[in-house]
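Protein chains: 2
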Amino acid sequence: MRKDVYVIWFTGISGSGKTTVAMETAKEFKSRNIPFEYLDGDIVRNFFEGDLGYSRKERILNVRRIAFAAELLAEHGINVLVANIAPYYEVRDFIRRKIPNYIQIFLDASLEKVMERDVKGHYKKFKAGTMSSLIGVDDDYERPRNPDLTLHTDKETVVETTEKVIKFLKDKGIF
Amino acid sequence: MRKDVYVIWFTGISGSGKTTVAMETAKEFKSRNIPFEYLDGDIVRNFFEGDLGYSRKERILNVRRIAFAAELLAEHGINVLVANIAPYYEVRDFIRRKIPNYIQIFLDASLEKVMERDVKGHYKKFKAGTMSSLIGVDDDYERPRNPDLTLHTDKETVVETTEKVIKFLKDKGIF
Chain S
1352 MRKDVYVIWF TGISGSGKTT VAMETAKEFK SRNIPFEYLD GDIVRNFFEG
1402 DLGYSRKERI LNVRRIAFAA ELLAEHGINV LVANIAPYYE VRDFIRRKIP
1452 NYIQIFLDAS LEKVMERDVK GHYKKFKAGT MSSLIGVDDD YERPRNPDLT
1502 LHTDKETVVE TTEKVIKFLK DKGIF
Chain A
1352 MRKDVYVIWF TGISGSGKTT VAMETAKEFK SRNIPFEYLD GDIVRNFFEG
1402 DLGYSRKERI LNVRRIAFAA ELLAEHGINV LVANIAPYYE VRDFIRRKIP
1452 NYIQIFLDAS LEKVMERDVK GHYKKFKAGT MSSLIGVDDD YERPRNPDLT
1502 LHTDKETVVE TTEKVIKFLK DKGIF
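In order, the protein sequence lines correspond to chains S and A. Every letter in the first sequence is one number past the one before it in the working numbering, and letter 100, counting from 1, is 1451. Every letter in the second sequence is one number past the one before it in the working numbering, and letter 142, counting from 1, is 1493.
Take the hints with a grain of salt, since some may be wrong.
Pairs count within a copy or across copies, as identical chains cannot be separated in the list.
What the hints assert, rightly or not - Cut-off 27 angstroms, straight-line C-alpha distance, at most; resulting in silico cross-link-like pairs (DSS-like, lysine-lysine):
(1) K1464 with K1506
(2) K1478 with K1523
(3) K1354 with K1464
(4) K1354 with K1378
(5) K1476 with K1523
(6) K1381 with K1475
(7) K1515 with K1475
(8) K1408 with K1449
(9) K1354 with K1408
(10) K1354 with K1381
(11) K1478 with K1381
(12) K1476 with K1521
(13) K1521 with K1464
(14) K1518 with K1408
(15) K1408 with K1378
(16) K1408 with K1521
(17) K1475 with K1523
(18) K1354 with K1515
(19) K1478 with K1518
(20) K1471 with K1523
Hints were generated in silico from the structure; no laboratory data involved.
All chains, full assembly: derive it from the sequences and hints.
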């Protein structure tokens, strides 16, 4: 794998801002004409037509198949931005093991704050009993131990967070 | 997806020559400096560390994740050669639906002949009772209805078969 090509994975609980921050980062790649692919839960679910549910095993399979595609793209010089919860040590270890140039960005936001914002309405659905297997609530989100970058998305604006990502990518030599 | 970039999928029962023919085709891409990726069962199994077995459901999941990676690579201008059994209509229909520039190459070889050759020793293992879920024997291989190219690998040499693939790719404008 080329040393200047990366798989940048945004992890964090539902509502922590993964999609928003990853999409803002994607704009930066685009404006710099750096080859990239952007993948998030909706894109993946759409391709696979919702074939996997939300059990631990299925979530792991889902993360793994994203990792497979991401690794291959990176092998061919395409940076990959992934906005995906990847909630377990086991599966993040898999990504780390399989993708040499993997960057883990942890969007650290308190459950209270994301429940309050509830961008996608997941927490409301959960309280109403129409949704289960909500990571961070009735299913574990195993907090990253050694993320390459941690962003406190519950305490800063999207612009502030994105600036931190850009600075990080500049320090890495990607931008 | 660029019109001149393809996902070329070699399907056929175990021992029909998928890997051999796909690898020979890969050499042709390489010698022409056309960007490509080559994927086969061993490569995929190795990446995923053998996490899926051989049930119908698991085989489908395995084909789908290859299709996902292949589609993304093709979006970025990388042709993809896949040597994978993809035994069911259902999953080949999925590939066709999801990948605009999909070429299906059917390696048609009689079970008698591949059992006789038994390149990987699968059929011997099956007879000895140490292997099950062998597609074409105790699990169905659903014969492709409308392959883009059919090759009778039990009646011709690898060189002859490969020449037919090259001719096909030339006619398609890929070579």
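Okay, the hints, checked on the actual structure:
no.	hint	verdict
1	K1464 with K1506	within (9 angstroms within a copy, 67 angstroms between copies)
2	K1478 with K1523	neither (42 angstroms within a copy, 56 angstroms between copies)
3	K1354 with K1464	neither (37 angstroms within a copy, 47 angstroms between copies)
4	K1354 with K1378	both (22 angstroms within a copy, 26 angstroms between copies)
5	K1476 with K1523	neither (40 angstroms within a copy, 51 angstroms between copies)
6	K1381 with K1475	neither (35 angstroms within a copy, 54 angstroms between copies)
7	K1515 with K1475	neither (31 angstroms within a copy, 59 angstroms between copies)
8	K1408 with K1449	both (19 angstroms within a copy, 25 angstroms between copies)
9	K1354 with K1408	neither (32 angstroms within a copy, 37 angstroms between copies)
10	K1354 with K1381	both (20 angstroms within a copy, 22 angstroms between copies)
11	K1478 with K1381	neither (39 angstroms within a copy, 56 angstroms between copies)
12	K1476 with K1521	neither (40 angstroms within a copy, 55 angstroms between copies)
13	K1521 with K1464	neither (30 angstroms within a copy, 59 angstroms between copies)
14	K1518 with K1408	neither (36 angstroms within a copy, 44 angstroms between copies)
15	K1408 with K1378	neither (33 angstroms within a copy, 38 angstroms between copies)
16	K1408 with K1521	neither (36 angstroms within a copy, 44 angstroms between copies)
17	K1475 with K1523	neither (39 angstroms within a copy, 53 angstroms between copies)
18	K1354 with K1515	within (22 angstroms within a copy, 39 angstroms between copies)
19	K1478 with K1518	neither (38 angstroms within a copy, 61 angstroms between copies)
20	K1471 with K1523	neither (32 angstroms within a copy, 46 angstroms between copies)
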